[in-house]
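Undergrad: As given, the protein sequences belong to chains A and B, one line each in that order. Anchor point for the first sequence: position 86 equals 209 in the working numbering, and the numbering is continuous, going up by one each time. Anchor point for the second sequence: position 424 equals 450 in the working numbering, and the numbering is continuous, going up by one each time.
Worth double-checking, as some hints may not be accurate.
As the list claims (entries may be wrong) - In silico contact screen, one side only, chain A against chain B (beta carbon under 7 Å); selected entries:
(1) 205
(2) 284
(3) 304
I should point out that these hints are in silico values taken from the structure, not numbers from a laboratory. Yeah, the Cβ is synthetic: ideal placement off N, Cα and C, and Gly gets one too.
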Amino acid sequence: MLYNMSTPSWLLSYTKPSLAVVKKSTAVYPDPPSFNKDIILNTKAKHGKEIVGPTSEERDTLKVKKAWEIALAPSKSLPMNAIMSYFSGSSLQIFSLTMTFMLFSNPAKAIANVGPTFARYESESTFSRILQAKLVFIVLQLATVAVGLWKMGSMGVLPTKRSDWLAWESETPVLERGVFVS
Amino acid sequence: MHVRALSLFLALATATLVRALFADEAFVVDWHIASIGSIVPSRALVSPDSVTIFSESSVLASLDTVNGTVRWRHLLDESAVSQHSHLIRLDSSAVLLAAATPADAAITHVAAWVEDSGYLVWDGYLSGGAPLGVSVSGDVYILLSGGKVQRLSRSTGSVVAEYSLPEGYSPVDIVASKGSISVITRKQDKGLGYFVLTGGGGELADDTYVVIDKNPAAVSVTKAEGYNSNIISWTVPGESTTIKLAGVSGSSAQCLTVTPEAPYASFTLTSSTSGVVATITGLDGKSWTETYIYSGGKLTLVGVTDPTESALAVSAATLFEISKTSISSFALTTTGAKLASHTEIELSPSSVEFATCGSSACLVGFKNGEYVLVTTTTGVAWARDESIADVVSALFVDLEEEGESSSLGEVLFEENAAPLQAYIHRVKRHWKALAGLPQYVIGFFQRFLSGDYDAVPVDPNSTVSDTFGFRKFVVLATTKGSLRALDTAHAGAFAWKVDDVLESDAIVGIVQGDAKNELYVVGAFGTVAYVNALTGKVMTISKIADFGLGDKVESVLSFVDDGMHYIAAWTAHGQLHFLKASSPATSMYFSKVIDNVVAGYVFKENRLVPTWQFTLPTSSYRISSFAARHPEDKTVSLGRVLGDRSVLYKYLNPHILAVAAVDDTTKSAAVFLIDDVSGRLLYSSFHENEVVDTAVGVKLVVGEHWVVYSYWSDLPARGEKLVVLDMYESDIKNERWSKGQNFSSFTETPLPFVQGQAYLFPEHITSLTVSRSRFGITNRDIIATLDTAQIAVLPKRLLDARRPVNRDPTNDEKEEGLVKYDALIGDDKRFIISHVYNVLGTKKAICSPAYLESTVLVFAYGLDLFFTRITPSQPFDLLSKSFNKGQLLLTIFALMVAVRFTSPMVKRKQLNIRWGTQK
């Protein structure tokens, strides 16, 4: 006897492929209590008029509007970033360093995720308008990066001055060899 | 690389302008050797309690007779010329020193010093010439070269009485005894004679003139103030077998003649209770004594000792016989027989130069500059090496790195041998090295636990460097022709000594060869010795080929050209002899200060051709000093970064020669910066109307793009003036004309833009040196030896010509590290690196980098020797001793335990999440 009564059902289902096929449930379950199917299905009848969904143009307009809102969102935080950057000074401290790092990392992340961010509003008909919003979004994120760059410049970590390249300058070769006899 | 540079920059930026030596480092990292200088027998007083000396280095010192340490010493401003200085005993507790002053030889300084403490009892200045003779009998009688006798009170030093010799008599010496004072004189027509002076209360008068030898040619007059009578002795040319002597106590001369057993080369006389003992050195170098008894107006020879090669000295009827290995003392009976008492001792291998004896002890001087006090009871009480007080040249010698000496050759063998052989060799080598493993492990843990790299001391007998390169040898070449190597890690103990390295040639210079353990020692007459710097072994000794007759080596050069290292000797005849390999193929430019001219030469096709001469503006100027940048000084950054991050480019001409000249008549000084290839004058500065101390002159040091010099002057404020000249390519920021070009001294390149500032330093500076680190990243310190017997370091950042004057620095200037200009550098004791040491008479300091970039070894010499190490930018690459290693270990251990416990927990949790049994 391979399978007796004590054999657990999971073992059977693993070892006997035929038994492993789970039958699709055909049982009809009753609705939950107090669920009134009629109210859901016959709203029209109840309110007396048909609920008409928005038209596809309206929907597109709405989507574009929403997309622009998202695209312009960084412009609101831009002045704050600029003011904070200005007031946190040019010294190399953990606070200003973190802030500067955020000024670069956040836009980078946002630009990388620009597709998913606008995916909800995208459709074939709104493609060109959403693209504009996307571009504005990217430009505004780049503006945040620019604030970050300005911040780094004010902290003196951008190699923009002559002294930053001093270490790479080579010595002037000397043609003559002189020896002083002391 | 950039990150490292940035962190280094941060480390350097935090370095403060003023730093101090930490108390726990004093006496640990530094050492000091007190010297007194060469001893002359005529100015050494040996007594049972002390040995009092006025040395050739003008040091009056008293040495302990038991251990030879310096009880006290004074570096005096007096001439130490033998004829012009006399040290005699004043009484049982004081000594008297009479010496001509160096500024004016016609003025004599007389001073009485307490023998035990070195305190001054009294002193005074006498005009009338240098002292020719000093004698004490109740009062002090001094005969001056101007023919004047001064009688000074023994207790106060005040002049009691005076006497002047009559015209025509030239003074020779003075002998005072209880009864009379005799002034020995010489006169052309009367020969040798003496005046007997009388008169106690205030006046001295010549009563009698006694002629002792009519021959005016009498030479080498010496006096012997003895135990019973005072005698003088002299010789007459042509009568070289006799010694003439006379007692000069009475009003009638007793002229006696002693005829030694054999012709003599030199002699000394000692008067004894009954006569005279003559110590005679014969022409063959052997010495003997002859004892004479005075009776019936004649000296009768009673005893002669056997000639011996030992040095002889007689004191208080005791004859000391000093040979290379033993000292014997003999009681001399009245008949001149020797009663032996013999002490075997070990003496220096050098030959004896002199022996000065007291009643029981002898101070023996050796040719190599060593001195030994021997007593009849204990043998050698102590030995001092005073040759290190007269140093010609000094240099640091790097030691081998650990294991380097054995493995380097073997590694080379393995690289070149056949693979199988090389493999077997390597296995064998590693097997042998395994024997040292336990010791290495023990050492590692010792060091790890204590955090102190000195915890495992380096064996003093080894020639291996320590971990950080703090241990080096300082090799000194002395005026006595010997070499001394001092171990910097063991308080300056002698690592090795070599005497007469050049076989009686005087050393001119020592330079290092290609390998760090090669040393070339060059003598004035062209002798070249090649010495192993680690062991002191003289490998070869030779003469320079085709060395000109009567020529003299003036300086020794060591330079690198095209990767080839050359060593050359420059002679007085203007010859250049290359001592190693061949002469350079390309043309080279040489420059030298000859008298008051700087002369330039080009060396082309094995010939030295004069090219240019730099003469001083007026003939009243004379060159007092000169300096060029050290050839191993490194430049890391080509420019100076300003506060707004722009760059001022440094003027990095490697041919800068700074020459300082002084004018003795107008008391002014001038400094010229010359290009030593083309002779072009780059900059000059004059200090007129300042009353410069021209006798001392100007001290100079040249750094990478700057020159610092100092001089003492009375106006406008009395003190040492420290002047800094910083040279830049241009005064315009970011402008670099030398970019993309080749620098040639012969093209009309723009002159440097020179910024200068002067500072006031309260002490006399005797020399200036600049510190030199391994890679040149560390800030520079200027090391100044002071005549207050101290060594000071001044940060170059403090001596900065860009410091803002009369206003506070702006933010940009603060960023640059500039502080407001203050003319007075001040007497800040934190500048003094020699702390409590009394580093007397240092004339020069040299530097050498340690393996650590932060640390520079400093050695000062002159009279005393002083060694320390400095960290101009703080020890940024060294953990501080207070670093809590235990806490660090504990933290790591605690973290390990925590990980041990938490890691299974995390593992379990993650597994559960995978199985979905836990969210």
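Undergrad: Now, for every hint given, state plainly whether the structure supports it.
TA: Each hint, compared with the structure:
Proximity of residue 205(A) to chain B is violated relative to the hint, the smallest CB-CB distance being about 23 Å (cut-off 7 Å). The criterion of a C-beta within 7 Å of any C-beta in chain B is met by residue 284(A), whose closest approach is roughly 4 Å, and the hint holds. Below 7 Å, beta-carbon pairs count as interface contacts, and residue 304(A) has one with chain B at about 4 Å; its hint therefore holds.
Consistency with the previously given hints fails for number 1 only.
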